[in-house]
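A.B. asks: The sequence shown maps to residues 1 to 383 in this note's numbering.
In short, the hints are calculated from the structure, not lab data. You may find that some hints are simply not true.
[Claimed, not checked] Listed next, the in silico DSS-like pairs over lysine-lysine satisfying Cα-Cα at most 25 Å (straight line):
no.: 1; residue 1: Lys261; residue 2: Lys287
no.: 2; residue 1: Lys166; residue 2: Lys294
no.: 3; residue 1: Lys284; residue 2: Lys250
no.: 4; residue 1: Lys128; residue 2: Lys293
no.: 5; residue 1: Lys163; residue 2: Lys251
no.: 6; residue 1: Lys176; residue 2: Lys293
no.: 7; residue 1: Lys284; residue 2: Lys261
no.: 8; residue 1: Lys287; residue 2: Lys251
no.: 9; residue 1: Lys128; residue 2: Lys166
no.: 10; residue 1: Lys176; residue 2: Lys287
no.: 11; residue 1: Lys128; residue 2: Lys27
no.: 12; residue 1: Lys128; residue 2: Lys116
no.: 13; residue 1: Lys287; residue 2: Lys250
no.: 14; residue 1: Lys284; residue 2: Lys294
no.: 15; residue 1: Lys261; residue 2: Lys251
no.: 16; residue 1: Lys128; residue 2: Lys176
no.: 17; residue 1: Lys176; residue 2: Lys116
no.: 18; residue 1: Lys294; residue 2: Lys251
no.: 19; residue 1: Lys261; residue 2: Lys294
no.: 20; residue 1: Lys27; residue 2: Lys176
no.: 21; residue 1: Lys27; residue 2: Lys250
no.: 22; residue 1: Lys166; residue 2: Lys287
no.: 23; residue 1: Lys176; residue 2: Lys166
no.: 24; residue 1: Lys293; residue 2: Lys261
no.: 25; residue 1: Lys250; residue 2: Lys261
no.: 26; residue 1: Lys251; residue 2: Lys284
[As the list claims (entries may be wrong)] Here are the in silico distance ranges between beta carbons for each label pair:
no.: 27; residue 1: Ala325; residue 2: Thr242; range: 18 to 24 Å
no.: 28; residue 1: Lys287; residue 2: His219; range: 39 to 45 Å
no.: 29; residue 1: Ala348; residue 2: Trp291; range: 29 to 35 Å
no.: 30; residue 1: Ala266; residue 2: Gly209; range: 47 to 53 Å
no.: 31; residue 1: Gln62; residue 2: Ala338; range: 56 to 62 Å
no.: 32; residue 1: Gly209; residue 2: Trp291; range: 41 to 47 Å
no.: 33; residue 1: Pro204; residue 2: Arg89; range: 27 to 33 Å
A virtual CB, placed ideally from N, CA and C, is assigned to each residue, including glycine.
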Amino acid sequence: MTSDPSGGGAVAEPVRVRRLTDQEGQKLQQIVRRGSTRSARYRRAMMLLASAGGNRVPVIAQLVAADEDTVRDVIHRFNEIGLTCLDPRWAGGRPRQLSPDDEDFVVATAITRPAKLGQPFTRWSIRKLVLYLHRVHGRVIRIGREALRCLLTRRGVTFQRTKTWKESPDRERDAKLDRIEHVLEHFPDRVFAFDEFGPLGIRPTGGSGWAASGHPERHPATYHRTHGVRYFHGCYSLGDDTLWGVNRGKKGTANTLAALKSIRAARPDGAPIYVIMDNLSAHKGEKIRVWAKKHRAELCFTPTYASWANPIEAHFGPLRQFTIANSNHPNHQVQTRALHAYLRWRNANARHRDVLAAERRERARIRSEKGIRWGGRPLAVVA
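From just these sequences and the hints, can you work out the full model?
C.D. replies: Shown next, in the form of structure tokens:
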């Protein structure tokens, strides 16, 4: 409440949402932009986003064609419980047949692996779970399939695919990522990346392309592998946005050293260079370390299971998409010529270095605004 100097009375503060967190703002923006959700959820998200943008209740009500009291109720509800208010719980219907303890038991059973409960399967289906609840010893849960589905949804339990994942066991993970981040931000013109791409075999490879409707291009299938494999040893210059490399029969210290020498030749001024690569054993031989120390080349290794931190990884995607996918090369010589032809085209059409610098600054600005570090790591909280 604030005082009105002209009338002497108190004036209520305008109703508006509290300050949004980054996650809340991004979620609301995603719902409003996509529009592929329930109309009630979409309208409520629009109300909250409009209020966060400084719009008053009458303006918001006109925007979403709703009553002003409805807008106020949604804003107050968001300030109380957050984004949960996007899914209203309508009253009505018969009283619930399950007590809160029964509902907790159902949810706990649903998220428990059936094998732990003596059932001979690895996951529940709705029918199997209903049948088990009807026969469970000690308590009888009478619930139908649709009621069970609604209960699980209301409690935030959804049917999801199991995923496998790896976490880097590298004890120096943060230190390595910090070093890579440092050289990328402070010495972009002296940073290079190296990695192997492959194995590349000689076989028809499926892909995608333009064709007449109903008449896709076909490649012959073959089960004969008589040409062996090759590995593309690629080098990438961040400052010049240039990608180059050669095909080799295998990975090894000698081939890695040859690639590093080509990188050093790209900067023959003798000043330090920084080469980002993964920690494959073929990249860390004694000859490589001695050569790197002698020629002022700092090797910045990515952490174990974190090769995504290598900038060249993103450039291997187009290389695979436009030279390997949708191809049927007869031999490795033709395949190598196709790779080099694409590299020549790519480097001739590379973006201007000023544009690249502007994009780096823009990405850094966005990361700072979102409060995240390079690689998606959260910034340390400053006291």
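A.B. asks: Next, verify each hint and record whether it holds.
C.D. replies: To see whether the hints hold, each was checked on the structure:
1. Lys261 x Lys287: The given pair, whose Cα atoms are some 12 Å apart, holds under the 25 Å limit.
2. Lys166 x Lys294: The given pair, whose Cα atoms are some 36 Å apart, is violated under the 25 Å limit.
3. Lys284 x Lys250: 16 Å, holds
4. Lys128 x Lys293: Cα-Cα ~64 Å, so violated.
5. Lys163 x Lys251: 30 Å, violated
6. Lys176 x Lys293: 18 Å, holds
7. Lys284 x Lys261: Measuring from Cα to Cα gives roughly 15 Å; hence the hint holds.
8. Lys287 x Lys251: This hinted pair holds, its Cα atoms lying about 15 Å apart.
9. Lys128 x Lys166: 32 Å, violated
10. Lys176 x Lys287: Measuring from Cα to Cα gives roughly 22 Å; hence the hint holds.
11. Lys128 x Lys27: 35 Å, violated
12. Lys128 x Lys116: 15 Å, holds
13. Lys287 x Lys250: 18 Å, holds
14. Lys284 x Lys294: 15 Å, holds
15. Lys261 x Lys251: 16 Å, holds
16. Lys128 x Lys176: This hinted pair is violated, its Cα atoms lying about 49 Å apart.
17. Lys176 x Lys116: Cα-Cα ~41 Å, so violated.
18. Lys294 x Lys251: Given pair Lys294, Lys251 holds - Cα atoms ~23 Å apart, limit 25 Å.
19. Lys261 x Lys294: Holds - the C-alpha atoms of Lys294 and Lys261 are around 12 Å apart, at most 25 Å.
20. Lys27 x Lys176: Violated, at roughly 32 Å.
21. Lys27 x Lys250: 47 Å, violated
22. Lys166 x Lys287: Distance of about 31 Å is beyond 25 Å: violated.
23. Lys176 x Lys166: This hinted pair holds, its Cα atoms lying about 18 Å apart.
24. Lys293 x Lys261: Judged against 25 Å, a Cα distance of about 13 Å means the pair holds.
25. Lys250 x Lys261: Measuring from Cα to Cα gives roughly 18 Å; hence the hint holds.
26. Lys251 x Lys284: 12 Å, holds
27. Ala325 x Thr242: 18 to 24 Å: 23 Å, holds
28. Lys287 x His219: 39 to 45 Å: For Lys287 and His219 the Cβ distance comes to about 42 Å; the hint holds.
29. Ala348 x Trp291: 29 to 35 Å: 31 Å, holds
30. Ala266 x Gly209: 47 to 53 Å: 34 Å Cβ-Cβ, so the 47 to 53 Å window is violated.
31. Gln62 x Ala338: 56 to 62 Å: 59 Å, holds
32. Gly209 x Trp291: 41 to 47 Å: 43 Å, holds
33. Pro204 x Arg89: 27 to 33 Å: 56 Å, violated
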